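Participant: Top to bottom, those sequences are chains A and B. With numbering that gives the first Met the number 0, letter number 76 in the first sequence gets 75, and the count goes up by one each step, no holes. With numbering that gives the first Met the number 0, letter number 14 in the second sequence gets 13, and the count goes up by one each step, no holes.
It is possible that some hints are incorrect.
Simulated pairs of lysine to aspartate or glutamate, EDC-like, Cα-Cα distance not exceeding 20 Å [said to hold, decoys possible]:
id: 1; chain 1: B; residue 1: 114; chain 2: A; residue 2: 90
id: 2; chain 1: B; residue 1: 113; chain 2: A; residue 2: 182
id: 3; chain 1: A; residue 1: 195; chain 2: A; residue 2: 60
id: 4; chain 1: A; residue 1: 15; chain 2: A; residue 2: 51
id: 5; chain 1: B; residue 1: 108; chain 2: A; residue 2: 88
id: 6; chain 1: A; residue 1: 195; chain 2: A; residue 2: 83
id: 7; chain 1: B; residue 1: 113; chain 2: A; residue 2: 51
id: 8; chain 1: A; residue 1: 13; chain 2: A; residue 2: 182
id: 9; chain 1: B; residue 1: 114; chain 2: A; residue 2: 182
Worth flagging that the hints you see were computed from the coordinates, not collected in a lab. From a predicted model like this one, the values you see are computed outputs, not experimental measurements.
Listed below, chain by chain, are the residues.
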Amino acid sequence: MSMSNQAFLRLRTKVKINQDVSQIFLEDVAQVVASEDVEKKLKRTLIYVRNEGDGNLLVIDAIRIIRSIGEKFPNLTIQFIGSEETLVEVEATHKKSASKLLLILVWMILFIGSGLAIMNFHTDVSMAEVHQRIFYLLTGEHNNHPYLLQIPYSIGIGIGMIVFFNQIFRKRLNEEPSPLELEMYLYQENIEKYAKAYENKENRRGEHEFR
Amino acid sequence: MSLGNLLMIMIGLSGGIAVGSGLVALLTVLDIIPRLAQLTRNQKKMVSLQWSLILGACFFTVIDLLDLKILLPLVHLFIMLFGGIAGIFVGLLAAALTEVLNVLPILSKRLGMKKNLLALLMAMVFGKVFGSLFHWLIFLHP
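Sequences and hints are given; from them, build the entire structure.
Facilitator: Okay, structure coming up:
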């Protein structure tokens, strides 16, 4: 079988397109390898036209591509390599920037919330009594308010959290991602997985509407 | 030795094993030791870090239950150091709790605040520090 009637496609896992763009061509969603003249035509093959009703996430799968290409190139054999679908994210032209007010609000929620959480924790585990006990065991004196222990302790909590996230000292200690970066990645990946499963209507024929 | 004493030993030993394995399970779930080993590039010394946990737990149990007083010189300096280190450990615990790790990605993505992630993180850090100071200095004030 010669190259002239074969094409290799590798779908990109995720692409971003602008809101103003409504036509999606093969070159937008896939890497294409074929004989030179076929490759050029293939890349400009229209795969999908967005309509107003589409959300900001689209799934283009291999079947749709075969359908679009099959009409124009009936003698072409298409080989898919790798991923079987592409997630298309539609980006707004004017990206709404987060408002300062909202940031301040969220900041206050997190600030007060985590402060409250640490107070609840201290009460829950009777930390005050433990501090008094440690103070007694170390000094032999009873002290109901061992500030000498508690103030460094409080500052230490902040240091411990920063060390765990390693966000302040951006200089990498090593190449491994921080727990927060990993968590961000997993969250993003879950969203994409969900979108691939539920945005593609062909994947759930006969199933009850999920949302 | 009477049967009662023997039973007491059994109960004590069983209780200790249960609590000890519970402590280890908690710390394992939170991945604090691997994180510290990774940060200090001591992955090969994990076993020694584990021993530090075990010895620490045993040592403080013994001095607490037997009411042993350790009277060191420069006791006030030492107690500040102790407080600081204990705080760092609690900070690691607090940061590792999955709530914190799960809230931040969702907040930052939903509200379009990916660039402000550091600010949000610092809100939590300062919240903990000031919450803790408030607890000791004002909330529990005589």
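Participant: Which of the listed hints are broken here?
Facilitator: 7
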